[in-house]
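Please construct the entire structure, taking both the sequences and the accompanying hints into account.
Now for the letters of each chain:
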Amino acid sequence: MLTQEVATVRKTALYDEHVALGARVVEFAGWAMPMFYDGIVSEHRRVRSTAGLFDVSHMGEFLVSGTDALHALEKLTTNRLASLAEGRVQYSAMCYENGGFVDDLLIYAMPGHYMLVVNAANRDKDLEWIRTNLTGDVVVDDVSEETGLIALQGPASEGVLAELTTADLSGLRYYHWTKTEIAGRETTLSRTGYTGEDGFEIYCDPKDSRSIWGAVLDEGAAVHVEPVGLGARDTLRLEMGYSLYGSEMDASRIPPEAGLMWVTKLSKGDFIGRDAIVRRMDEGINERIVGFELTGRGVPRLGHRILVGDDEVGHVTSGTFSPSLQRGIGLGYVRSDVTGELSVDIRGNHIEAHTVSLPFYREGSVRRSR
Amino acid sequence: MGEKDLLFTETHEWLSVEGDVITLGLTDYAQGELGDIVFVELPEAGRSLAAGDVLTTVESVKSVSELYAPIEGEIMEGNAALEDDPALINSDPYGDGWIAKLKLASGTDVSQFMTAEQYETHIKG
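Chains P and D, in that order, give the protein sequences.
With our numbering, the residue at position 95 of the first sequence is 463, and numbering never jumps.
With our numbering, the residue at position 56 of the second sequence is 50, and numbering never jumps.
You may find that some hints are simply not true.
[Claimed, not checked] Mimicking DMTMM-like on lysine to aspartate or glutamate, the simulated pairs with C-alpha atoms at most 25 Å apart in a straight line are:
id	chain 1	residue 1	chain 2	residue 2
1	P	K493	P	D436
2	P	K379	D	E27
3	D	K118	P	D384
4	D	K118	P	E395
[Unchecked claim] Chain D is faced by these chain P residues, among others (derived, beta-carbon under 7 Å):
id	residue
5	F404
6	G407
7	I408
8	V457
9	L670
Worth flagging that the hints you see were computed from the coordinates, not collected in a lab.
Backbone N, C-alpha and C define an ideal beta-carbon position, used for all residues, glycine too.
Written out as structure tokens, the structure reads:
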């Protein structure tokens, strides 16, 4: 029924742990990754209530160094990098000349270099794009193979991790990173995540992944920290209305359509895609991402048509059953004038829905203000 | 009725036969593969189905799966309890998680289906 061939795909350092934990393993972006262990809904609730542990080692990491690194990345990315102080992390995007998305990414400002964290599916494409468009004294290293990435997400994360490190976690603010040992292993630790909950992402040597993973599960057992798969990672991000490359973003979409002008700083000076974005905004943006909730029963899915009356006004880019809200939720591109009541065509049934402001889920523990 | 008395299809439906009425649902193996069931379209009573027709749709968080009529018949009833609690299919696939009852066309032969033992072999294969 859902069995997938995973023999030819890449495995993270934690693959054997996932299998031992009874994970349903699927192929994702060329990697054998856990979709769920016990179940997506219970894992989702675990993250919202205490904390869950994710293996996201499939993500790509590049180090960018050299005297022109800042200048080169400022030109390659949409957010204002010059103001990013060492110790901080920034969410940003890369666009083609026509304004379409190459990828979204995190940028870590480190001593003498930047670390870029990119989507696994885009890693090769991103590396080529970056190398093609670099100028000056800049070196890019793809360190993905030498980098494990484990995320601990949920309101209990700080308490659990505090027992495994000497770092001052309460002093580590949202979207900041530090170097510290966790369970005696060297890591780069950031207060970041993709769930809407307080939490951390732990970058380590893949050889240390298993000890860190095991130590966090052992230490977290008292608050029932459990492993969480990619299934709940998607429902958690969608409840927050976070965009996903390949769904809300791709080469055919530009930041003002995707609702990502908050990471696109037109005033910072030239960057690749800027002129096209400005021109498209002058012409008028005809479609944009909205969040919607179903009032009727059903689950919206990628590709479903969005209607107002009998008029097709857009389509679903991400949809799921929200474990927190107990109803169907989704993101979709619709005509810019559409707001309020609409319906989603689910296998021929027009299910009532209405647009909502994001995030869908507002009780998350993430501490943006810190 | 225990699992041992049920019949099974290659597409992971189970059925129990009482006279000319069959009760059917999704097998324990299938619910485990799908994960948390979050939505089931309630099969409409009165609809006539040929063998292989889509009986209803079962959705987990990540996937949409169709449930097929294993045999010709007419839908007598869908399990209304699944509207409020579709996860009954996960927690009790052969009991409270039943999906529909069909009235068989006369003279229908159910000998084509697998026994519990044969189905066990089928899913291991």
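Hints and how they fare:
no.: 1; hint: P:K493 / P:D436; in the structure: holds, 22 Å
no.: 2; hint: P:K379 / D:E27; in the structure: holds, 21 Å
no.: 3; hint: D:K118 / P:D384; in the structure: holds, 22 Å
no.: 4; hint: D:K118 / P:E395; in the structure: holds, 21 Å
no.: 5; hint: F404; in the structure: holds, 6 Å
no.: 6; hint: G407; in the structure: holds, 5 Å
no.: 7; hint: I408; in the structure: holds, 4 Å
no.: 8; hint: V457; in the structure: violated, 29 Å
no.: 9; hint: L670; in the structure: violated, 11 Å
Violation of the numbered hints given earlier is confined to hints 8, 9; the remaining hints are satisfied by the structure.
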